[in-house]
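Starting from the structure of chain A, add chain B where the hints point.
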Amino acid sequence: MSNKYVGQRVKRTEDPRLIKGLAHYVDDIGLPGTLHVAFVRSVYAHAKITGIDTSAALAMPGVVAIYTGAEVADKIGPVPCAGALPDLKVPDHRVLAKDKVYFLGHPIAAVVATDRYVARDACDQIIVDFEELPVVTDVEEAAKGGPVIHDAWTDNIAYRLTSGEGDIEAAFSAADRVVKQRVLHQRLAPIAMEPRGVLARYYPGEQELTLWSSTQIPHLMRTQVALMIGIPENKLRVITPEVGGGFGSKLNVYAEEALLGWISMQLGKPVKWIETRRENMQATIHGRGQVGDVEIAFKNDGTLTGLRYSVFADLGAYHQLLTPAIPTLTGLMLSGAYKIPAIQMNITACFTNKMATDAYRGAGRPEATYVVERALDLVAADLGMDAAEVRRKNFPAPSEFPFHTATGLDYDSGDYEAALDKAQQIAGYAKLREDQRKAREEGRLIGIGISTYVEICALGPSQAMPAGGWESATVRIEPTGKVTVLTGASPHGQGQETSFAQIAADELGVDLNDVTVIHGDTGVVQYGIGTFGSRATAVGGTAVFVAIQKLKEKADKIAAHMLKAGASRLSFEGGKYSLEQAAAAAATTGVSDPVVPVGEAPAGALPEPQTDGKSSITIQEIALAAHIAKDLPPDTEPGLSATYFFEPKNFTFPFGTHIAVVEIDRETGDIEFLRYVAVDDCGRVINPLLVDGQIHGGIVQSIGQALFEEVVYNEDGQLITGTLMDYALPRASHIPRFELDRTETPSPVNPLGVKGVGEAGTIGATPAIVGAVIDALAPFGVKHLDMPIKPENVWRIINNG
Amino acid sequence: MIPAQFDYQAPATLEEAVALLAGDPDGARVLAGGHSLIPAMKLRLAQPQLLVDIARIKSLAYIREEGDQILIGATTTHYQLESSDLLKNICPLLPACAGNIGDVQVRNKGTIGGSLAHSDPAGDWPAAALALSAELVLTGPNGERTVKADSFFIDLLTTDIKPGEILREIRIKKPSGRFGQAYQKVPHPASGYAVVGIAVHLSLNADGSCSAAGIGVTGVSTKAFRAQGVESALTGATLDDQTIPAAAAKVCDGINPTTDLYASADYRRHLAEVHTRRAIKAALASAK
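Here the protein sequences line up with chains A and B, keeping their order.
FYI, the numbering for the first sequence is 1 to 801, going by my numbering.
FYI, the numbering for the second sequence is 1 to 288, going by my numbering.
In isolation and in its complexed conformation, chain B is listed as follows:
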């Protein structure tokens, strides 16, 4: 439980952080809340040469509205998201997701950017980011680029972040019209990570039918994914006791669920279906 030796830098600005990463693109790692990276280092599964601590860059922690978007700084903590009155009002999926992460201590330290960049296959934020079609702003030595959540998560612990790049901001289109959201999670009894986590965003027509759906799934596979089969089954449909279960049944289409000591692939598939159905119903019930 003692990490290997490493250097540590706490730059004051994002530019300095980018420069430090550029100095050692392979050996340097970005440290934010440290709740994924440091446990890995203590087990010596990760042995970075240099930690670039961006948690001290004050300007990277914020939640604000800008035009039709919600902008969230990468080092915003889970707790800040969980307790944001603004988000509870305009995008309640985000506080709901945050409140399901770990425990109070974890939520006080862990950050949304760290969680997304780590891309743990059972992390909570990837599901919400996918359901909300978030955009991720990456800053690197060659400037800035924006990646859609859909193409951001590549594989187990692997994202589209290139060496030298830092995830700076998460952008979400402000939900408008009539909509409903929910996050349903089965936490692993030991780790608290998602055995299954289902994030749902439903846009609703005046007649109650679904105009668009975003379904993000975590914990089930080697990476979080959008359940497109469910989304298309819901879109245009009247949401009732026939259509919702029928849609939820498609959640693992094309996916080979993970097996571990706690849950087999079959059981995970089943849980994903049950909780997708429950999450859709909860989202529908929350719609105003």
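For reference, chain A alone in the conformation it holds in the complex:
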């Protein structure tokens, strides 16, 4: 591979259309005669529905139909849950509530009208009689019993699970010391900039249904929705137009997606629903939501011997696609970047009268990293060791990889010390500590927080996934030499239209502008799994890479035939096949011109490549010859395309070191960043600009979790943070300058050597920020604080001593 593009800071080819407002999201797609859907949602967290009167709404001009749970719940299959765990309780969650609601925002009825305004007005005219039921919102109350949410069972415990390896009891009894801490991971709302939205169009003649949906998983959604509403899977086409972010919240199959498809089939007309921000806060999945106790056992010299985490996981009222699986991901990553001989995770996962939790950027791994990094800080504090040194002491050496953890994983590659060294060097760590000491003498409160994280990416081997962990790609070169890449990954903001084009352009020696990456349309793209779990490049990019190798095998043969190479060898360089003796000359010519230049396209027939007497030929000329097919080697299929489904053998394990430096205003408790240094290792880097962007965004969301964000329900299950006036997303003014750098440790799991970077920021940054605030407050004896750390909490600590 030449590296004309890979490794370069290529600007995103997606951006001009996004910046100019020319991109098409679901709501930008208008079909003639479209009807609009609005939902009546529960205003109670737990109640019986004793009656629904839709007559006044139905009488309103413009109202076309109203569907209630009683009418549709049994005609559409339950909302799917792919999390398979032993003895898992799976509530029969229907697309509309039938006789009971169990969370605020639970959809009760769907109104179809000629415009959005009428649909919304009609919702106010539907009278729902409720009989309120006792509510349980606290996960530990739910674990104890509390009001039972689902009548099928006698308690609210969805599952219990113990996992881990090593003799945990021996590890704790042999330790010199043990520290224990209760740790909270508050609920967060993913808040993609574009809320969810669905447009459904059914053609009764063709019996074909097309769903445009803002989703991360078009193919999985097609399969699931087809099963839910009973349409043959190959009569359902799912298109994800531009998707304005997901952060995991669109890694799902929602009630509204199936219901809109079904309504369009009933009415034979297009129907559209665009989620409002209020609905987005109430009825799109939330993330995190764990509270647990971590215990860590260690020797007097700081060597770790065991870790136990017993956690209550707040699943919410029912399961969305991966709800029960998320806490298990936490269990997998409890070894962090450290050698810990024995680890045990005890999960008690409970139903509460709240929206379901599920994957939010990091999905279970930020929880693990936070637990482990907080525990390491506590070990350091207990021993009076430096936070960096206690970490360094427990790293596996680069020679110990693949490194087996007591959580059952085999980390692929790593050099954790190199990332820590680099981050400390950039931060000027020794001087920072000295500055901190002096500042404390002056009464200033400066804190330094360190996180040396490992995450699990490139999800994943199919053995470890509920429904396939591979990814697919088709690469073809069109007759005009343009390269089309069809990826089963479904990027939604990450920039793979650019990075996959970089891979293809380098591998094929063509211009970046000659490559178009197509994704997110089940009618066009072969089956794929989707974009989540920092997998798109490591798994989907690898599929593109290998498909290109297959394509080139065929191109090799055609080139040899056309150049009449006989026994002489061909070289491929800069997009050109050359007879060996001509290779040196060909290499200097670089990228070839397009086969058919714009404006010179011949009428009727395509030009035939002229190779007589030539010693070289471009791969784009070969594509033309392969399509014209008049002079191909014997037994060669016409056309030039290849498809590959890549099944990874393992996950990948990116890592890094984040260092945050904060200063606290003694009078107000305000927290200000002084520095933020991050050294991330995501394996080989295809596009440093995209990697930096992912790190930036992830750190920003970590700042949100550490300092501002929390989904708050009151004891009645009412959502207190139901708008963006109450739910605090981080803003530009909250963000420090980031000092970023990298180490590059290639992954042996895929030929590109890439690991993934989509979630690193949300995983690595939170503990560094929280650690910095706690370190700043160390003079007050503070060892731990729960997130979000608000100025008032800090002020109270300073004032109460």
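It is worth saying that the hints were derived from the structure and are not from the lab.
In this text the structure is predicted, and so the values were computed from the model without any measurement.
Hints may be right or wrong, so weigh each one.
To be verified - Under 7 Å between C-beta atoms, here's a sample of chain A residues computed to sit facing chain B:
| id | residue |
| --- | --- |
| 1 | 117 |
| 2 | 120 |
| 3 | 278 |
| 4 | 443 |
| 5 | 666 |
| 6 | 667 |
| 7 | 708 |
As the list claims (entries may be wrong) - With a straight-line Cα cutoff of 30 Å, these simulated DSSO-like cross-link-like pairs (lysine-lysine) come out:
| id | chain 1 | residue 1 | chain 2 | residue 2 |
| --- | --- | --- | --- | --- |
| 8 | B | 42 | A | 48 |
| 9 | A | 100 | B | 109 |
| 10 | B | 109 | A | 20 |
Even glycine gets a Cβ: it sits at the ideal position worked out from N, Cα and C.
Chain B in isolation, oriented as in the chain A frame:
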């Protein structure tokens, strides 16, 4: 996030606007920048029958000097106030306050009159209007009247504007002699509204002592208020490290601060005191 149905009128003159309001004094609402009213309508917390859009009345947006007064038209945007060289020169508290409101988009659309008339308990302008002893000119079917800021803010989202009246102009006495001004704000991390906002105007004697003080406080209570305890403690005093904190400590005298998810009453009271002190010091430092 879809409002209930409403009618919309965009009169060309203030007189037409007054007439439209008079036609439906209970159901009609004045729309200016729309940055408070429209969010409330989208949540269906407000469901007016008729919106009378005065933002199109060109003659209502101005900043000018007239005699010893500064006159500001009600539909002057936050951005126009923030960027006014005239105000930066003669009354810098106004641009300072404006620059603390929301974000650029909000400041480009939102208006000073809309903010004052809405009387959000955490809005920024009420604090500045109180600190500067502004006068508010209201036009209604029975003509015009002028209300002092002190008696304008009545309670949560409630002002002295009577049904049918429109806030037309804000009048501020041009600061003279030696004076200093400052606005200190703790913005709520989600809404950007003031958790605490302190507007300070100090008139200073030749010897540096304070001849008069105006302290407007927002975000702390159900309505913006003048911290009269602070004002009287400052007036006549030499401003130093003893007198300023002692005065600032009186900022919440007689006030029961609000509690919300972000800040308890105790913390708000504390923040008000700290930022009053800081604002007084900043005002003093800015005095020429």
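Hint numbers contradicted by this structure: 4, 5 and 9
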